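Participant: Sequence:
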Amino acid sequence: MLSIPALCWLCRLPLQIAGHGICSRCIRQIPPLPTLCPCCGLPACGTQLCGRCIRHPLPWQSLTCVSDYQPPVSDWVLQLKFSRATALRVMLARLLLLKLLTNRRNNLLPRIDLVLSVPLHRRRAWRRGYNQAELVAKPLAHWLGCEYREGVRRRRQGAIQHALRASARKKNLRGAFRLEMSVRGRHILLIDDVVTTGSTVAEISRILLAQGASSVHIGCLCRTL
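Numbering (our numbering), first residue to last: 29 to 253.
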(Lines of atoms letter the chains of each structure in order from A; the text may use other names.)
(Lines give C-alpha, C1' and ligand atoms only; values in the text may rest on other atoms or scores of the structure.)
Protein backbone atom coordinates (compact mmCIF):
# COMPACT_ATOMS: atom_id res chain seq x y z
CA MET A 29 0.00 0.00 0.00
CA LEU A 30 1.37 3.40 -0.97
CA SER A 31 1.59 6.02 1.80
CA ILE A 32 0.25 9.52 1.22
CA PRO A 33 3.16 12.00 1.27
CA ALA A 34 3.09 14.77 3.84
CA LEU A 35 2.88 18.30 2.51
CA CYS A 36 4.92 21.36 3.37
CA TRP A 37 2.93 23.66 5.66
CA LEU A 38 3.81 26.64 3.46
CA CYS A 39 3.94 25.65 -0.21
CA ARG A 40 1.81 22.49 0.16
CA LEU A 41 4.17 20.43 -2.02
CA PRO A 42 5.13 16.87 -0.99
CA LEU A 43 7.99 16.50 1.48
CA GLN A 44 10.86 14.07 1.11
CA ILE A 45 11.04 13.74 4.91
CA ALA A 46 7.49 13.94 6.26
CA GLY A 47 8.49 14.70 9.84
CA HIS A 48 10.20 17.95 8.90
CA GLY A 49 6.85 19.62 8.14
CA ILE A 50 8.44 22.30 5.96
CA CYS A 51 10.62 22.01 2.85
CA SER A 52 14.17 23.34 2.67
CA ARG A 53 13.12 26.07 0.24
CA CYS A 54 10.32 27.39 2.44
CA ILE A 55 12.42 27.29 5.59
CA ARG A 56 14.64 29.91 3.93
CA GLN A 57 11.56 32.11 3.42
CA ILE A 58 10.97 32.54 7.14
CA PRO A 59 11.91 36.20 7.78
CA PRO A 60 15.44 36.39 9.21
CA LEU A 61 15.94 37.80 12.66
CA PRO A 62 18.00 40.95 13.25
CA THR A 63 21.04 40.75 15.53
CA LEU A 64 19.65 39.94 18.97
CA CYS A 65 20.99 40.19 22.49
CA PRO A 66 21.76 36.58 23.55
CA CYS A 67 20.10 37.13 26.92
CA CYS A 68 16.89 39.14 26.44
CA GLY A 69 16.45 38.26 22.76
CA LEU A 70 15.74 41.87 21.75
CA PRO A 71 17.49 43.76 18.92
CA ALA A 72 21.05 44.75 19.80
CA CYS A 73 24.14 46.22 18.12
CA GLY A 74 26.27 43.10 18.59
CA THR A 75 26.33 39.57 19.96
CA GLN A 76 27.33 40.64 23.48
CA LEU A 77 24.92 41.52 26.28
CA CYS A 78 22.95 44.65 25.49
CA GLY A 79 22.85 47.71 27.72
CA ARG A 80 19.41 46.75 29.03
CA CYS A 81 20.68 43.40 30.33
CA ILE A 82 23.84 44.95 31.82
CA ARG A 83 21.84 47.58 33.71
CA HIS A 84 19.00 45.26 34.72
CA PRO A 85 20.16 41.61 34.67
CA LEU A 86 17.44 39.13 33.80
CA PRO A 87 16.72 35.97 35.85
CA TRP A 88 17.78 33.68 33.01
CA GLN A 89 21.00 33.18 31.07
CA SER A 90 19.94 33.11 27.41
CA LEU A 91 16.91 33.28 25.15
CA THR A 92 16.50 31.52 21.79
CA CYS A 93 13.61 32.22 19.43
CA VAL A 94 12.58 31.13 15.95
CA SER A 95 10.97 34.35 14.77
CA ASP A 96 9.59 37.72 15.62
CA TYR A 97 5.83 37.61 16.15
CA GLN A 98 5.00 37.71 12.45
CA PRO A 99 3.82 35.29 9.72
CA PRO A 100 4.33 32.53 9.00
CA VAL A 101 5.51 31.42 12.45
CA SER A 102 2.96 33.53 14.35
CA ASP A 103 0.18 32.01 12.22
CA TRP A 104 1.40 28.50 13.05
CA VAL A 105 1.51 29.34 16.76
CA LEU A 106 -2.09 30.57 16.66
CA GLN A 107 -3.19 27.44 14.79
CA LEU A 108 -1.44 25.22 17.31
CA LYS A 109 -2.82 27.16 20.25
CA PHE A 110 -6.41 27.81 19.29
CA SER A 111 -7.29 25.64 16.26
CA ARG A 112 -6.10 22.25 17.56
CA ALA A 113 -3.52 21.99 14.77
CA THR A 114 -1.34 19.73 16.94
CA ALA A 115 0.30 18.24 13.83
CA LEU A 116 2.37 21.44 13.76
CA ARG A 117 4.18 20.54 16.98
CA VAL A 118 7.01 18.51 15.43
CA MET A 119 7.76 21.04 12.71
CA LEU A 120 7.77 23.94 15.19
CA ALA A 121 9.94 21.99 17.63
CA ARG A 122 12.41 21.25 14.82
CA LEU A 123 12.63 24.94 13.85
CA LEU A 124 13.45 25.79 17.47
CA LEU A 125 15.95 22.91 17.64
CA LEU A 126 17.89 24.35 14.68
CA LYS A 127 18.18 27.69 16.47
CA LEU A 128 19.24 26.02 19.74
CA LEU A 129 21.94 24.00 18.02
CA THR A 130 23.29 27.15 16.38
CA ASN A 131 23.52 28.82 19.79
CA ARG A 132 25.25 25.75 21.20
CA ARG A 133 27.86 25.88 18.43
CA ASN A 134 28.37 29.57 19.25
CA ASN A 135 28.89 28.70 22.94
CA LEU A 136 25.72 30.55 23.97
CA LEU A 137 24.03 27.44 25.31
CA PRO A 138 25.42 24.68 27.56
CA ARG A 139 24.45 21.03 27.34
CA ILE A 140 20.86 20.92 28.62
CA ASP A 141 19.99 18.47 31.43
CA LEU A 142 16.27 19.11 31.71
CA VAL A 143 13.50 20.57 29.55
CA LEU A 144 10.47 22.17 31.21
CA SER A 145 7.47 23.91 29.68
CA VAL A 146 5.51 26.91 30.93
CA PRO A 147 2.39 25.31 32.46
CA LEU A 148 -1.24 26.18 31.92
CA HIS A 149 -3.68 26.23 34.80
CA ARG A 150 -5.54 22.92 34.91
CA ARG A 151 -8.86 24.57 33.94
CA ARG A 152 -7.37 26.22 30.86
CA ALA A 153 -5.52 23.03 29.92
CA TRP A 154 -8.76 21.06 30.28
CA ARG A 155 -10.67 23.47 28.02
CA ARG A 156 -7.94 23.48 25.37
CA GLY A 157 -7.18 19.79 25.69
CA TYR A 158 -3.40 20.23 25.80
CA ASN A 159 -0.57 22.60 26.67
CA GLN A 160 0.96 23.90 23.44
CA ALA A 161 4.33 24.57 25.10
CA GLU A 162 4.47 20.97 26.31
CA LEU A 163 3.77 19.67 22.78
CA VAL A 164 6.86 21.52 21.54
CA ALA A 165 9.02 20.68 24.57
CA LYS A 166 8.65 16.88 24.46
CA PRO A 167 10.22 16.26 21.02
CA LEU A 168 12.89 18.86 21.81
CA ALA A 169 13.94 16.94 24.93
CA HIS A 170 14.13 13.74 22.90
CA TRP A 171 16.34 15.33 20.23
CA LEU A 172 18.54 17.01 22.83
CA GLY A 173 18.98 13.68 24.64
CA CYS A 174 17.72 14.94 27.98
CA GLU A 175 14.78 14.58 30.34
CA TYR A 176 11.40 16.27 30.01
CA ARG A 177 9.31 16.76 33.14
CA GLU A 178 6.11 18.56 34.07
CA GLY A 179 7.99 19.95 37.02
CA VAL A 180 6.25 23.33 37.33
CA ARG A 181 2.59 23.71 38.28
CA ARG A 182 0.37 26.74 37.97
CA ARG A 183 -1.26 27.28 41.33
CA ARG A 184 -3.88 29.79 40.26
CA GLN A 185 -5.28 30.89 36.94
CA GLY A 186 -5.21 34.68 37.11
CA ALA A 187 -6.02 36.99 34.22
CA ILE A 188 -4.89 36.23 30.66
CA GLN A 189 -1.39 37.70 30.32
CA HIS A 190 -1.65 39.21 26.84
CA ALA A 191 -4.64 41.27 28.00
CA LEU A 192 -2.55 43.07 30.65
CA ARG A 193 0.05 45.82 30.64
CA ALA A 194 3.64 44.96 31.57
CA SER A 195 3.36 46.09 35.22
CA ALA A 196 0.08 44.26 35.67
CA ARG A 197 1.57 41.07 34.19
CA LYS A 198 4.22 40.94 36.92
CA LYS A 199 1.64 41.42 39.66
CA ASN A 200 -0.65 38.82 38.07
CA LEU A 201 2.11 36.18 38.27
CA ARG A 202 3.24 36.59 41.88
CA GLY A 203 2.88 33.26 43.61
CA ALA A 204 1.29 31.72 40.51
CA PHE A 205 3.81 28.87 40.07
CA ARG A 206 5.10 26.02 42.21
CA LEU A 207 8.14 23.84 41.56
CA GLU A 208 7.47 20.12 42.16
CA MET A 209 10.88 18.55 41.57
CA SER A 210 14.55 19.00 42.41
CA VAL A 211 16.51 21.10 39.92
CA ARG A 212 19.73 21.58 41.89
CA GLY A 213 22.80 21.67 39.68
CA ARG A 214 20.87 21.25 36.42
CA HIS A 215 21.00 23.31 33.22
CA ILE A 216 17.37 23.90 32.29
CA LEU A 217 15.66 24.80 29.02
CA LEU A 218 12.27 26.43 29.67
CA ILE A 219 9.89 26.37 26.69
CA ASP A 220 7.08 28.84 25.95
CA ASP A 221 5.22 29.51 22.71
CA VAL A 222 5.49 33.32 22.74
CA VAL A 223 7.61 35.65 24.89
CA THR A 224 6.37 39.23 24.96
CA THR A 225 7.43 41.11 28.10
CA GLY A 226 9.08 37.99 29.54
CA SER A 227 7.13 38.22 32.83
CA THR A 228 6.02 34.58 32.81
CA VAL A 229 9.40 33.02 32.05
CA ALA A 230 11.08 35.46 34.45
CA GLU A 231 8.87 34.39 37.35
CA ILE A 232 9.55 30.70 36.70
CA SER A 233 13.28 31.34 36.16
CA ARG A 234 13.54 33.03 39.57
CA ILE A 235 11.98 30.00 41.21
CA LEU A 236 14.31 27.59 39.40
CA LEU A 237 17.47 29.54 40.26
CA ALA A 238 16.34 30.00 43.86
CA GLN A 239 16.06 26.21 44.10
CA GLY A 240 19.62 25.69 42.92
CA ALA A 241 19.43 25.35 39.13
CA SER A 242 22.84 25.94 37.54
CA SER A 243 21.34 27.96 34.68
CA VAL A 244 18.02 28.65 32.98
CA HIS A 245 17.68 29.15 29.24
CA ILE A 246 14.49 30.22 27.47
CA GLY A 247 13.32 28.71 24.20
CA CYS A 248 10.31 30.15 22.38
CA LEU A 249 8.75 30.07 18.95
CA CYS A 250 8.08 33.82 18.76
CA ARG A 251 9.75 36.72 20.56
CA THR A 252 7.93 40.04 20.28
CA LEU A 253 10.62 42.46 19.14
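No lab work stands behind these hints: they were computed from the structure. Model, not experiment: these values are computed from the prediction. A portion of the hints provided could be inaccurate.
As the list claims (entries may be wrong) - Pairs of lysine-lysine, DSSO-like flavour, derived with a Cα cap of 27 Å:
#, residue 1, residue 2
1, Lys127, Lys166
2, Lys127, Lys109
3, Lys109, Lys166
Said to hold, decoys possible - What follows is a set of in silico ranges between Cβ atoms, one per label pair, in the way DEER data are often shown:
#, residue 1, residue 2, range
4, Arg152, Gly74, 33 to 41 Å
5, Leu126, Arg40, 32 to 40 Å
6, Arg53, Arg202, 20 to 28 Å
Ideal Cβ placement from N, Cα and C applies to all residues, glycine included.
Participant: Against each hint, give a clear statement of whether it holds in the structure.
Facilitator: To see whether the hints hold, each was checked on the structure:
1. Taking the CA atoms of lysine 127 and lysine 166, the gap is near 16 Å; set against the 27 Å cutoff, the hint holds.
2. For the given pair, lysine 127 sits about 21 Å from lysine 109 by alpha-carbon distance, which is consistent with the 27 Å threshold.
3. Of the supplied pair hints, the one linking lysine 109 and lysine 166 holds, its CA atoms being roughly 16 Å apart against a limit of 27 Å.
4. Look at arginine 152 against glycine 74: about 39 Å separates their beta carbons, and that is inside 33 to 41 Å.
5. Between leucine 126 and arginine 40, the C-beta spacing of about 22 Å breaks the proposed range 32 to 40 Å.
6. One distance hint, 20 to 28 Å for the beta-carbon pair arginine 53 and arginine 202, is violated here, with the actual separation near 46 Å.
The structure does not agree with the numbered hints 5 and 6 stated previously, though it agrees with the rest.
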